[in-house]
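Chain by chain, the residues run as shown.
Protein chains: 2
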Amino acid sequence: MKKMALTLTIFSLFGISSIASDTLIEKAKNAGLKPIPDNQAELYQLIDNPKNPITEKKVALGKMLYFDPRLSKSGLISCNSCHNLATGGVDGVDVATGHKWRSNPHHLNSPTVYNAVFMQKQFWDGRSPDLEDQAQGPIQAAPEMAATQEHVEKVINSIPAYVEAFKDAYNDPNFKPTFKDVADVIAVFERTLVTPSRYDDFLNGNDKALTEEEKEGLKVFIDKGCVSCHNGVGLGGSMQPFPAVGTYKYANIGDFKGDKNGLVKTPTLRNILQTRPYFHNGAVWDIKEAIKIMGETQLGVKISDEEAEKIKTFFGALTGKKPEIRYPELPASTNDTPKPDLH
Amino acid sequence: MKKMALTLTIFSLFGISSIASDTLIEKAKNAGLKPIPDNQAELYQLIDNPKNPITEKKVALGKMLYFDPRLSKSGLISCNSCHNLATGGVDGVDVATGHKWRSNPHHLNSPTVYNAVFMQKQFWDGRSPDLEDQAQGPIQAAPEMAATQEHVEKVINSIPAYVEAFKDAYNDPNFKPTFKDVADVIAVFERTLVTPSRYDDFLNGNDKALTEEEKEGLKVFIDKGCVSCHNGVGLGGSMQPFPAVGTYKYANIGDFKGDKNGLVKTPTLRNILQTRPYFHNGAVWDIKEAIKIMGETQLGVKISDEEAEKIKTFFGALTGKKPEIRYPELPASTNDTPKPDLH
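Sequence lines, in order, name chains P and C.
Quick note: the first sequence, position 223, residue 225 per our numbering, numbers continuous.
Quick note: the second sequence, position 47, residue 49 per our numbering, numbers continuous.
Please note that the accuracy of each hint is not assured.
[Said to hold, decoys possible] With a straight-line cut-off of 30 Å between C-alpha atoms, the simulated DSBU-like cross-links for lysine-lysine are: (1) K259/C / K341/P; (2) K156/P / K290/C; (3) K102/C / K221/C; (4) K341/C / K294/P; (5) K178/P / K221/P; (6) K324/P / K59/C; (7) K341/P / K324/C; (8) K31/P / K156/P; (9) K156/P / K102/C; (10) K59/P / K323/C; (11) K304/C / K341/P; (12) K290/C / K294/P; (13) K314/C / K323/P; (14) K123/P / K182/P; (15) K323/C / K341/P; (16) K324/P / K314/C; (17) K314/P / K314/C; (18) K156/P / K59/C; (19) K290/C / K324/P; (20) K294/C / K323/P; (21) K323/C / K314/P; (22) K341/P / K178/C; (23) K29/P / K341/P; (24) K323/P / K102/C; (25) K259/P / K169/C; (26) K156/P / K294/C; (27) K323/C / K169/P; (28) K304/C / K314/P; (29) K341/C / K304/P; (30) K36/P / K178/P; (31) K156/P / K323/C; (32) K290/C / K323/P; (33) K178/P / K259/C; (34) K290/P / K324/C.
[What the hints assert, rightly or not] Distance windows between CB atoms, simulated: (35) K102/C / D209/P: 27 to 33 Å; (36) E291/P / Q151/C: 45 to 51 Å; (37) N159/P / P107/C: 34 to 40 Å; (38) D288/C / K59/P: 48 to 54 Å; (39) H345/C / A43/P: 35 to 41 Å; (40) T336/C / N41/P: 33 to 39 Å.
Hints are computed from structural coordinates only; laboratory data are not their basis.
Built from N, CA and C at the ideal position, the CB exists for glycine as well.
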């Protein structure tokens with residue numbers, strides 16, 4: 003009896019479990035799931051924008067600007083205010099709240115900046131093709147940072163260290179940074195905010211990277227059909243029909259209708275346990291409830307409490323390793339820097 | 003001729019200049035100026051609170067809580083929102099602005115958290131004896147973080163990683179963190195936010211740490227009498243009569259009257275070029291204007307434009323080296339974490 007148990011254990015360790023995992027990796031890949039590459043060159047290909055190439059100097063400058071509240075009209079709100087790198091890249095409130103405590107007029111929730119580079123489009127209605135374009139939006143939006151392009155340009159050009167950093171990053175002694183340049187370097191920094199997780203290790207071939215329970219959750223996740231929208235490297239990021247808008251339980255929160263075809267960008271599931279509340283309107287705070295609602299309204303399937311628990315367990319493996327961020331010391335304002343305007 | 007020049011140079015390098023600096027160091031010390039000690043043990047003595055001793059674990063936990071907006075009612079405002087470590091430890095606006103975009107009712111400006119440990123009292127009216135007590139204020143103040151003690155305790159105790167970190171920091175497996183404990187570890191972190199500068203190197207004996215122009219500025223600073231309030235390690239921090247309240251040019255901004263005796267805490271001059279606007283009401287944006295007003299209203303002396311320029315040059319040497327802060331990854335909320343309340 004003891005011998006048999008031992009044999010089974012060995013078989014299980016080196017045999018069945020391994021075969022089962024290989025099968026699961028294949029199954030996951032066949033379902034459209036893709037890892038963040040563990041090869042740096044391959045990753046670079048994936049996150050770079052040839053029209054705005056990633057360089058160390060642009061990343062360093064973009065990081066400073068990402069954290070600089072002086073880009074906003076009030077001087078109090080930075081990119082990091084709503085996309086807080088300490089809290090999963092989000093603000094943790096249901097509705098994005100900015101200048102003068104105004105809320106997003108459609109009651110939209112701030113999506114995470116982590117892995118945003120993997121989204122096919124930006125914003126919930128996908129109106130922006132890339133991060134360079136996206137970064138220009140919130141800086142100018144009245145209920146967000148509420149700044150004019152002119153304000154941003156005046157601020158940057160009034161601070162010699164910023165002007166020097168742009169000249170250095172673009173290797174041009176006559177460089178005079180514009181609003182677009184500010185958005186570009188912020189976007190470059192954001193492109194580096196990818197968070198490889200144990201899930202990626204698994205898909206990259208490390209069978210032991212996931213626990214048995216997480217593998218079980220991944221299976222349920224695939225079998226229930228969640229992968230029909232949450233796929234690719236981003237586990238989301240494509241525009242999808244969202245018929246639930248207007249019909250599901252919390253649809254009366256906000257008046258968002260998606261893009262002109264009613265399509266809505268699928269949010270990433272990476273770091274999802276760090277980014278509550280959920281959905282475009284931040285209406286649901288419990289991930290299991292969110293999983294069940296999505297099954298019912300998007301897939302037309304019932305997801306039991308036990309199945310939701312398993313999927314949640316799998317989601318734990320999607321919490322990724324964040325890039326190490328040294329909090330920047332920003333260069334001081336000068337007498338030429340526009341004064342912040344709280345009104 | 004060449005030999006004589008050489009002799010003079012040597013004399014100047016090892017003789018006159020050195021004597022002059024020694025004299026200036028003596029003069030500065032006699033005027034009540036003190037450096038941040040370059041000896042770590044001595045520094046520790048100066049910044050530690052025996053009732054709440056500094057430990058690495060408390061610093062690490064305090065840093066996380068300092069950056070955690072979930073301590074606030076809205077979930078959007080952290081200690082760092084108004085005392086931003088990226089911008090000299092301040093918010094860069096004239097009047098502190100918090101929950102629901104409310105302004106400080108007395109139009110008070112957020113003082114810097116850097117070197118706050120060297121202040122003899124905390125808050126502009128000195129009502130708080132130390133950072134442990136001070137840290138409890140803004141978390142609860144309606145126009146700041148607007149939280150109740152109960153909210154803070156519920157948040158912390160709903161996040162297992164925080165509870166574990168407290169148990170670990172206090173070496174007590176049954177530790178149940180209270181509001182006071184939260185303020186205590188934040189205060190410990192703040193005690194470490196000291197910024198030694200070239201000015202300190204100079205007072206600690208390195209004659210070459212200041213330029214000749216900065217030494218000249220330091221002399222003017224002493225001779226004009228600025229040291230009568232801006233002295234000690236903090237270059238400020240004591241309660242002083244502020245007769246200018248109510249009489250000077252910008253006195254009509256805000257209704258702050260100081261403590262019950264009309265005394266006002268002298269702000270530190272460390273990192274002063276990074277912490278505009280100036281004065282308790284943030285009324286002045288130009289450091290030279292601030293210097294001149296202080297001479298006229300506090301000391302009854304006229305400070306010329308040239309003298310103000312020299313003092314400003316000296317102030318440049320007060321910009322200190324900030325502690326390296328790795329931006330924290332905060333533990334995720336749970337279903338037990340109170341939802342933020344934006345209203």
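message: Hint by hint, where does the structure go against what was stated? Just the numbers, ascending.
response: Hints 3, 5, 8, 12, 13, 16, 17, 18, 19, 20, 21, 22, 23, 24, 25, 28, 30, 32, 33, 34, 35, 36, 38 and 39 are the ones this structure does not satisfy, whereas the remaining hints hold.
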